[in-house]
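Chemist: Top to bottom, those sequences are chains A and B.
Just add 55 to wherever you are in the first sequence, counting from 1, and you've got my numbering.
Just add 164 to wherever you are in the second sequence, counting from 1, and you've got my numbering.
Be aware that a few hints might be false.
Result set (PhoX-like, lysine-lysine): computed pairs, CA atoms no more than 20 angstroms apart in a straight line [claimed, not checked]:
1. B:K299 <-> A:K101
2. B:K347 <-> A:K101
3. A:K99 <-> B:K347
4. B:K339 <-> A:K270
5. B:K347 <-> A:K243
These aren't lab readings, by the way, just hints derived from the structure by calculation.
Residue-level listing of the chains:
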Amino acid sequence: MERRDAVPPEIQDTLEKYAEGTRLMSEEPRAPTGQTPKELVWAKNKARLYRYEPHAEKKHPVPILMVYALINRPYVLDLMPGNSLVEYLTGQGFDVYLLDWGVPGDEDEDLSFDDYVLDYLRPATRKVLRASEAEGYTLFGYCMGGTMAAMHAALFPGEPLANLILLTTPIDFAPEKTGLLGLWTDEKHLDPDLLVESFGNVPNEIIEHSMQMLKPVTNYVGTYAVMWECLLEEKPMETWKAMNKWISDGTPFPGAAFKQWIRDFYQQNKLVKGEIQLREHRVDLSEITCPLLNVAGERDHICPLPQAEPTMDLVSSEDKEFLVLDAGHVGLLTGRSAKKDLWPKVGSWLETRSGGES
Amino acid sequence: MTDEENTNTVAESATGEKRYPDPYDLYRRWLGASENVRDEANEGEVNSSELGELWRRWFEATAGLQSGASEAENEFVNSMAPLWKEMADDISAKMLSGESLPEEPVRFFVQWYNETKERWSETADELLRRDEVLKSMGRFFETYARSEAELRRASEEGLKNRRAPTRSDVARVAKLVVVVENKVDWIEETLEDLVQGDSGPATAAVNSLEERMDRLEGKMDRILAALEKLGGDKDQDLSETPQSSSARKEDADEAVTPLEGLSLELIEAGYVGAGGRGVVEDPKTKDED
């Protein structure tokens with residue numbers, strides 16, 4: 056075989072980038088995520104309660120318990136070193152806990168919000184207080200986790216709940232406020248009972264693609280345009296890889312909880328009407344009296360502003376603030392602007408309400 | 165190497181070297197094509213004006229494809245065609261106007277996306293809100309769910325017929341494990357509460373027990389005091405001068421016997437009732453007290 060002449064370096068470089076991009080597109084994204092040291096405090100079924108940096112100095116006696124949605128992995132709150140709200144808050148001396156719901160199995164298809172709020176979140180708050188030897192705690196809910204946090208705060212107001220932070224939390228599910236998700240989940244087009252009868256737990260692929268279809272151009276095309284741009288211009292790829300890993304790392308939606316979410320929340324908007332019943336408890340958001348920080352993203356298409364804002368009129372808290380940031384649903388938490396907007400704001404808001412050093 | 169040469173050289177080449185049929189012909193052709201691309205990359209250089217001409221022809225061809233598709237009366241393509249043409253015209257004008265031209269397809273794709281993403285996103289959003297799209301999505305989900313349900317039912321029945329564990333069997337067992345785990349969890353929490361001393365029901369029960377023990381202790385003390393007194397009276401009787409038997413009988417008739425005296429003490433202590441019968445306190449009543 057004749058020896059081929061060497062390919063010019065610039066073309067070789069381009070071909071290598073093409074190869075790398077093709078590999079990234081065809082393989083499952085891999086990236087180190089959730090790297091802040093943590094220890095397991097409590098476990099129940101698939102749920103895990105973690106405490107971050109347990110041996111680090113805690114300047115504020117009021118611990119923070121973070122709660123995320125059922126359908127995504129919560130390590131988005133601790134995405135990667137240098138891009139982690141958890142890392143930031145622990146660095147500021149806060150005692151941070153995270154309740155990871157885990158990945159439900161077929162045996163969990165009967166788990167509803169009643170179970171998650173009363174049998175998982177409630178005991179988790181007690182574990183946090185016990186582990187930190189604290190008298191009060193801050194409940195931090197993100198997205199559907201915020202909805203659960205709000206329900207918990209309404210059912211168990213007063214001490215020891217010290218503060219409530221809601222991040223892009225849907226509360227009002229009136230059709231005119233929910234955007235595309237509201238249209239798709241309308242009872243004319245979606246029967247949640249049929250899905251649950253067929254699948255048990257609704258598969259994460261259905262949830263993932265439904266979320267992606269809210270912005271199909273951005274999610275299916277733009278993601279890779281950004282990837283190619285970073286590759287060709289030799290920009291760092293770590294954040295892109297970590298985000299793509301998280302986006303494709305969803306969890307199934309437990310059947311009973313899915314039925315509640317679609318029927319009681321999206322289709323019948325029971326929460327704002329005070330009609331949500333968790334076992335014998337009726338959820339009345341006006342029972343919330345603790346300090347509240349409610350954060351929403353102006354470009355959030357999953358929880359549009361009109362879904363998050365009504366919380367301010369429903370609660371009875373005197374100390375409450377509605378913060379709107381120019382960001383999307385996830386960009387608000389992990390984007391470039393998060394480091395200069397959301398994180399310092401959350402930190403300073405909590406500093407004056409968590410005791411200890413300022 | 166051509167197919168004919170390949171066939172002719174199955175057994176042995178002219179030099180005596182053993183050769184074998186190439187089982188990966190397609191693979192070999194792909195590798196060959198890749199090598200050709202590499203060679204052409206060295207040779208197929210164009211200057212900037214030629215590059216501009218190539219892109220112009222590409223845009224024209226693309227716009228032609230769209231207009232051809234729209235002639236096929238495809239509703240979706242028809243709705244997209246004007247948008248595509250508008251974007252193609254805009255971007256071609258910008259890209260061919262003297263600004264930097266993309267040197268390769270991927271850069272062109274990135275540039276094209278950045279220029280057009282807003283319009284594509286708006287169009288997609290508008291499309292996804294249309295009634296016909298919503299209805300078809302609903303029908304898709306319904307069909308998908310029903311077919312999935314049928315598949316699951318068939319696989320469960322098949323496995324049952326083979327006496328093999330099904331997914332629902334495994335889930336059933338797992339549920340039992342979860343129930344046991346919940347019970348263990350409840351016991352652990354109750355024990356923790358007891359250790360920490362902040363369990364309401366457990367504390368109340370302990371307090372109630374403590375009170376009953378205090379009352380019992382008081383009664384025991386009174387009983388002991390009565391017994392001691394009884395013992396003292398007995399000693400005193402022995403030290404007194406003997407009396408006539410009749411006098412002694414009269415005294416005996418009139419005096420409270422030591423046993424009766426003890427009974428009185430016990431009655432006062434609440435240990436026995438008036439008829440000398442023991443009193444069994446009703447625990448329920450006690451708790452209510």
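Chemist: All hints are to be evaluated individually against the structure, with a verdict given for each.
Modeler: Cross-check of the supplied hints:
1. B:K299 <-> A:K101: The hint is violated at about 37 angstroms.
2. B:K347 <-> A:K101: 15 angstroms, holds
3. A:K99 <-> B:K347: 11 angstroms, holds
4. B:K339 <-> A:K270: 38 angstroms, violated
5. B:K347 <-> A:K243: Violated, at about 42 angstroms.
Checked against the numbered hints above, the structure breaks hints 1, 4, 5 and satisfies the rest.
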